[in-house]
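Read top to bottom, the protein sequences are chains S and H. Numbering of the first sequence is given in the working numbering, commencing with residue 1 and proceeding in unit increments. Numbering of the second sequence is given in the working numbering, commencing with residue 1 and proceeding in unit increments.
Incorrect hints may appear among the rest.
Distance windows between CB atoms, simulated [unchecked claim]:
#	chain 1	residue 1	chain 2	residue 2	range
1	S	P63	H	A14	36 to 46 Å
2	S	T180	H	S154	52 to 62 Å
3	S	G96	H	G76	40 to 50 Å
4	H	R306	S	L202	53 to 63 Å
5	H	R56	S	E44	28 to 38 Å
6	H	A238	S	N297	42 to 52 Å
7	H	G46	S	N58	33 to 43 Å
8	H	L202	S	Q106	24 to 34 Å
9	H	G46	S	R112	20 to 30 Å
10	S	G96	H	R306	29 to 39 Å
11	S	Q106	H	A175	57 to 67 Å
12	S	P63	H	K133	56 to 66 Å
Quick caveat, the hints were computed from the structure, so don't treat them as lab data. What you are looking at is a predicted structure, and each value in this text was computed from that prediction instead of being measured. Each residue gets a CB set at the ideal place from its N, CA and C atoms; glycine is no exception.
Protein chains: 2
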Amino acid sequence: MAVYTEVDDEALFAFVSDYDIGNVVSCKGIAEGRENSNYLLHTEQGPFILTLYEKRVNPSDLPFFLGLMQHLAETGVKCPVPVVARDGVALRTLAGRPAAIITFLQGVWPRRTSSLHCAGVGRAMADMHDASKTYAGKRANTLSINDWRPLYDSVSDHADDVTAGLSIEIEAELAHLEATWPKGLPTGVIHADLFPDNIFFLADKISGIIDFYFACTDYLAYDIAVCLNAWCFEPDAAMNVTKTQHLLAGYEDVRPLTHQEKTALPILARGAALRFLLTRLYDWINTREDALVQPKNPAEYLHKLRFHQGVKDIGAYGLS
Amino acid sequence: MAVYTEVDDEALFAFVSDYDIGNVVSCKGIAEGRENSNYLLHTEQGPFILTLYEKRVNPSDLPFFLGLMQHLAETGVKCPVPVVARDGVALRTLAGRPAAIITFLQGVWPRRTSSLHCAGVGRAMADMHDASKTYAGKRANTLSINDWRPLYDSVSDHADDVTAGLSIEIEAELAHLEATWPKGLPTGVIHADLFPDNIFFLADKISGIIDFYFACTDYLAYDIAVCLNAWCFEPDAAMNVTKTQHLLAGYEDVRPLTHQEKTALPILARGAALRFLLTRLYDWINTREDALVQPKNPAEYLHKLRFHQGVKDIGAYGLS
Numbered sequence: 001m002a003v004y005t006e007v008d009d010e011a012l013f014a015f016v017s018d019y020d021i022g023n024v025v026s027c028k029g030i031a032e033g034r035e036n037s038n039y040l041l042h043t044e045q046g047p048f049i050l051t052l053y054e055k056r057v058n059p060s061d062l063p064f065f066l067g068l069m070q071h072l073a074e075t076g077v078k079c080p081v082p083v084v085a086r087d088g089v090a091l092r093t094l095a096g097r098p099a100a101i102i103t104f105l106q107g108v109w110p111r112r113t114s115s116l117h118c119a120g121v122g123r124a125m126a127d128m129h130d131a132s133k134t135y136a137g138k139r140a141n142t143l144s145i146n147d148w149r150p151l152y153d154s155v156s157d158h159a160d161d162v163t164a165g166l167s168i169e170i171e172a173e174l175a176h177l178e179a180t181w182p183k184g185l186p187t188g189v190i191h192a193d194l195f196p197d198n199i200f201f202l203a204d205k206i207s208g209i210i211d212f213y214f215a216c217t218d219y220l221a222y223d224i225a226v227c228l229n230a231w232c233f234e235p236d237a238a239m240n241v242t243k244t245q246h247l248l249a250g251y252e253d254v255r256p257l258t259h260q261e262k263t264a265l266p267i268l269a270r271g272a273a274l275r276f277l278l279t280r281l282y283d284w285i286n287t288r289e290d291a292l293v294q295p296k297n298p299a300e301y302l303h304k305l306r307f308h309q310g311v312k313d314i315g316a317y318g319l320s
Numbered sequence: 001m002a003v004y005t006e007v008d009d010e011a012l013f014a015f016v017s018d019y020d021i022g023n024v025v026s027c028k029g030i031a032e033g034r035e036n037s038n039y040l041l042h043t044e045q046g047p048f049i050l051t052l053y054e055k056r057v058n059p060s061d062l063p064f065f066l067g068l069m070q071h072l073a074e075t076g077v078k079c080p081v082p083v084v085a086r087d088g089v090a091l092r093t094l095a096g097r098p099a100a101i102i103t104f105l106q107g108v109w110p111r112r113t114s115s116l117h118c119a120g121v122g123r124a125m126a127d128m129h130d131a132s133k134t135y136a137g138k139r140a141n142t143l144s145i146n147d148w149r150p151l152y153d154s155v156s157d158h159a160d161d162v163t164a165g166l167s168i169e170i171e172a173e174l175a176h177l178e179a180t181w182p183k184g185l186p187t188g189v190i191h192a193d194l195f196p197d198n199i200f201f202l203a204d205k206i207s208g209i210i211d212f213y214f215a216c217t218d219y220l221a222y223d224i225a226v227c228l229n230a231w232c233f234e235p236d237a238a239m240n241v242t243k244t245q246h247l248l249a250g251y252e253d254v255r256p257l258t259h260q261e262k263t264a265l266p267i268l269a270r271g272a273a274l275r276f277l278l279t280r281l282y283d284w285i286n287t288r289e290d291a292l293v294q295p296k297n298p299a300e301y302l303h304k305l306r307f308h309q310g311v312k313d314i315g316a317y318g319l320s
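One chain only, chain S, in its complex shape (with noise of 0.2 Å):
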């Protein structure tokens, strides 16, 4: 929960003149997101989202990310879209920030996740992955297998004092991946992120998907690694084959998926583990003194990378 940078009301009601979408009655921080500052604007006209675009976001992919969601939401998926201001313009620069307001999106993020959930995750991102086919942007994954090695490098003197063994542990599964990471599968624009957090829903229904602040072109099948990881495992770690297998199953009704991608799902899913183990690693290292964002642990990825590692083939969760 964060809001990195803070809007003066008067360079706000100057930053909203120039959309028609009314006057400024209300704006609040909201306390949520750990990347960018969010705000919920109210408007004469309703609310929106007001987003400052800060450090760890680079402004050279930002037209990527907001002609995505103009894209996405074009064909038919359900996802905020950008405003534009009177000139046509999205992207604007607010209190020194890149800055864009974003419609308002309903919906509650479910805080305990279901099987019937995970079902309607597994086709919303299949729905996604079909209509992003259609987007002409590409952006390269900077969080994929060859970005790992350097980002752990940079925290490898410290791993062990999270954990004790981490590093032997973390090393061991770099070289497994760098060695057996798959080649050659279907590819488009993933969201790579899909945590729980990015998807509302409104009485058991996806009312949309949110925060494409990480979306990259890359195998679709990640994508579905990153939410068997984000959705399906319980408080205790324990993965629930149920909610795998409905993800996998609701995500199949729309896309089914190559054998190719099935043999590669474990390895895959060992790959999003790490990837969430080593960028959390690396915020429990260098933000522990932060006042603004608790860092969340680790270790809950450590144990589902280490599930994985038990995994023979896509059996495990559930799929034949």
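Since chain S is already given, all that's left is putting chain H on it; use the hints.
Positioned in the frame of chain S, the structure of chain H alone reads:
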């Protein structure tokens, strides 16, 4: 900025279903407020504020606070009001905390205060003092002069770590205030925390006052003293006499000060400065490692205290 208690979506739906305000369509934690957890809740009927009262609020005081908001609104003061559930009760329980849904107040608090704001604040404060005369509730000020010495004693060992010589300055000030604190001034229900983030404006007009969770029975002029400190100093710690003039003139448009109140104002302003110096000092010393809230620097209030120490009479604030 803080949300101390996370609200489970299922618990939220059950909580809101006890009200006649429609179904939940969104609920986001707000990155404002230091004492309680606040959510901006949208239902089918529009926006509301959902507040979970945290440990710094005494639950037995909540009927006083909620009753005061209800009374003030009924008397014409612009402020949010508690929403009652179908059983007629406003104060309820959510996620193990006392909780209430409050009406949403439009407006934005001024990040930079102007003389125009100050005149409005003076008038609104006097209107509130008038309106609270007919409120039957009473609540002792738990942060008044008798509480400052014990509060200081709890942090005195660390005061000089914050600023060299601070302990000597505070001890001398405590002794002075205890010897000279005025007696028998007009008393009533005061807000006691009328900082800029608690007064909302729309187009330079006050749209309302929020956050009555420090309200108490004390000298009415002490509320003015808090405001002089909170609204009338520039970022370089210089008092702006145009702002104090506007604040006091605005107040006296509605409720003229007595001679005793005018005479007492400099000492009340010293007391109000010491009160916030002490609580900020306490937070600085006790929550430096807290990841949710960045403590405010106590030095700001030390500079304000020193200013008032040099004040001979109310003429320094621009009043004859």
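The hints, checked one at a time:
| no. | hint | verdict |
| --- | --- | --- |
| 1 | S:P63 x H:A14: 36 to 46 Å | 43 Å, holds |
| 2 | S:T180 x H:S154: 52 to 62 Å | 59 Å, holds |
| 3 | S:G96 x H:G76: 40 to 50 Å | 41 Å, holds |
| 4 | H:R306 x S:L202: 53 to 63 Å | 55 Å, holds |
| 5 | H:R56 x S:E44: 28 to 38 Å | 36 Å, holds |
| 6 | H:A238 x S:N297: 42 to 52 Å | 46 Å, holds |
| 7 | H:G46 x S:N58: 33 to 43 Å | 37 Å, holds |
| 8 | H:L202 x S:Q106: 24 to 34 Å | 25 Å, holds |
| 9 | H:G46 x S:R112: 20 to 30 Å | 27 Å, holds |
| 10 | S:G96 x H:R306: 29 to 39 Å | 33 Å, holds |
| 11 | S:Q106 x H:A175: 57 to 67 Å | 58 Å, holds |
| 12 | S:P63 x H:K133: 56 to 66 Å | 59 Å, holds |
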